[in-house]
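Protein chains: 2
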Amino acid sequence: MSLFSFFQKRNTAPAARERLQILLAHERTNGEHSDLVNLLREEIIQVIARHVKVDGEKVAVKMDKGDQFSTLEVDIELPADLERKKAA
Amino acid sequence: MSLFSFFQKRNTAPAARERLQILLAHERTNGEHSDLVNLLREEIIQVIARHVKVDGEKVAVKMDKGDQFSTLEVDIELPADLERKKAA
Numbered sequence: 001m002s003l004f005s006f007f008q009k010r011n012t013a014p015a016a017r018e019r020l021q022i023l024l025a026h027e028r029t030n031g032e033h034s035d036l037v038n039l040l041r042e043e044i045i046q047v048i049a050r051h052v053k054v055d056g057e058k059v060a061v062k063m064d065k066g067d068q069f070s071t072l073e074v075d076i077e078l079p080a081d082l083e084r085k086k087a088a
Numbered sequence: 001m002s003l004f005s006f007f008q009k010r011n012t013a014p015a016a017r018e019r020l021q022i023l024l025a026h027e028r029t030n031g032e033h034s035d036l037v038n039l040l041r042e043e044i045i046q047v048i049a050r051h052v053k054v055d056g057e058k059v060a061v062k063m064d065k066g067d068q069f070s071t072l073e074v075d076i077e078l079p080a081d082l083e084r085k086k087a088a
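For the protein sequence lines, the chains are D and B, in the order given. Numbering of the first sequence is given in UniProt numbering, commencing with residue 1 and proceeding in unit increments. Numbering of the second sequence is given in UniProt numbering, commencing with residue 1 and proceeding in unit increments.
Only chain D is shown next, with the shape it has when bound in the complex:
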């Protein structure tokens, strides 16, 4: 199944809005290093906030931890006019 179809299936938003979705999955071979996804979460959101105006209330973060996988889903609704910031 291609990535496009994964996102299109998930997109049930009535009015098409500008959105940015990040999915992060860390597949581990052993129980160690299981906080990598958590570590990356803040910094990835900061990278995005450097390029587009992000409204904290329009950012949904979901984390899951299974035996073998840790996953992070970040779903950001972008402002309609997508105010772009000059790269810092």
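Because the hints were derived from the structure by calculation, they are not lab data. The beta-carbon is built from N, C-alpha and C at its ideal position, and this holds for glycine as well. Mixed in with the good hints there might be a few duds.
Said to hold, decoys possible - Under the rule of at most 20 angstroms between Cα atoms (straight-line distance), these lysine to any residue pairs were calculated in the SDA-like manner:
1) B:Lys62 with B:Arg19
2) D:Lys53 with B:Val37
3) B:Lys53 with D:Val37
4) B:Lys53 with B:Glu77
5) B:Lys62 with B:Ala80
6) B:Lys58 with D:Val37
7) B:Lys53 with B:Arg41
8) D:Lys58 with B:Thr29
9) B:Lys53 with D:Arg19
10) D:Lys53 with B:Glu43
11) D:Lys58 with D:Val74
12) D:Lys53 with B:Lys58
13) B:Lys62 with D:Gln21
14) B:Lys65 with D:Asn38
15) D:Lys65 with B:Arg17
16) D:Lys53 with B:Thr29
17) B:Lys53 with D:Asn38
18) B:Lys53 with D:Gln21
19) D:Lys65 with B:Asp75
20) D:Lys62 with D:Val47
21) D:Lys58 with B:Lys65
22) D:Lys62 with B:Lys53
23) D:Lys53 with B:Asn38
24) B:Lys65 with D:Arg41
25) B:Lys65 with D:Asp75
26) B:Lys53 with D:Arg41
27) D:Lys53 with B:Leu39
28) D:Lys53 with B:Asp35
29) D:Lys65 with B:Glu18
What the hints assert, rightly or not - Calculated from the model, a selection of chain B residues having no Cβ within reach of chain D, i.e. all distances over 12 angstroms:
30) Asp55
31) Gly56
32) Glu57
33) Val59
Dock chain B against the given chain D, drawing on the hints supplied.
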């Protein structure tokens, strides 16, 4: 379909290896701002390289641009001992 199953289905690697996968999708309402995914790509990989030793040859990057979606897939095979770096 949950995120776990998306990654598990895609994982055909014979021997379980430590892997980090990032999927980024930018859903646009108009043709503008279509380079956001490209802009974020380098910086997100840099964020990861700050936390784990990344072997350039073990990083697969795939970008797709449709009318409404731009997507980025980054697939990183992590070193087995997952040498962790102290955050810079």
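Legend entry - Given pair status - valine 47 of chain D, lysine 62 of chain D, alpha carbons within 20 angstroms: Judged against 20 angstroms, a Cα distance of about 18 angstroms means the pair holds.
Inset, instruction - Assess, step by step, whether the Cα of lysine 65 of chain D is no farther than 20 angstroms from the Cα of glutamate 18 of chain B, and give holds or violated. - result: Since the Cα atoms of lysine 65 of chain D and glutamate 18 of chain B sit roughly 15 angstroms apart, the hinted pair holds (cutoff 20 angstroms).
Inset, instruction - Could you grab the alpha-carbon distance between lysine 65 of chain B and asparagine 38 of chain D and see if it respects the 20 angstroms cut-off? - result: Cα-Cα ~29 angstroms, so violated.
Legend entry - lysine 53 of chain D paired with valine 37 of chain B [C-alpha distance capped at 20 angstroms]: holds (15 angstroms)
Inset, instruction - Mind checking the alpha carbons of lysine 65 of chain B and arginine 41 of chain D for me, to see if they're no more than 20 angstroms apart? - result: violated (25 angstroms)
Legend entry - Given hint arginine 41 of chain B paired with lysine 53 of chain B - CA-CA distance at most 20 angstroms: holds (18 angstroms)
Inset, instruction - For the pair supplied as a hint, lysine 53 of chain B and valine 37 of chain D, confirm whether the alpha-carbon distance does not exceed 20 angstroms. - result: holds (15 angstroms)
Inset, instruction - Could you check that no beta carbon of chain D comes within 12 angstroms of the beta carbon of glycine 56 of chain B? - result: holds (19 angstroms)
Inset, instruction - Quickly compare the C-alpha distance for lysine 65 of chain D and arginine 17 of chain B to 20 angstroms and report which way the hint goes. - result: holds (17 angstroms)
Inset, instruction - Assess, step by step, whether the Cα of lysine 65 of chain D is no farther than 20 angstroms from the Cα of aspartate 75 of chain B, and give holds or violated. - result: holds (19 angstroms)
Inset, instruction - Mind checking the alpha carbons of lysine 53 of chain D and threonine 29 of chain B for me, to see if they're no more than 20 angstroms apart? - result: Holds. Lysine 53 of chain D to threonine 29 of chain B sits at ~16 angstroms (cutoff 20 angstroms).
Legend entry - Holds or violated: lysine 62 of chain D to lysine 53 of chain B, with C-alpha atoms at most 20 angstroms apart: violated (26 angstroms)
When each numbered hint is compared with the structure, violations occur for hints 5, 9, 12, 14, 18, 21, 22, 24.
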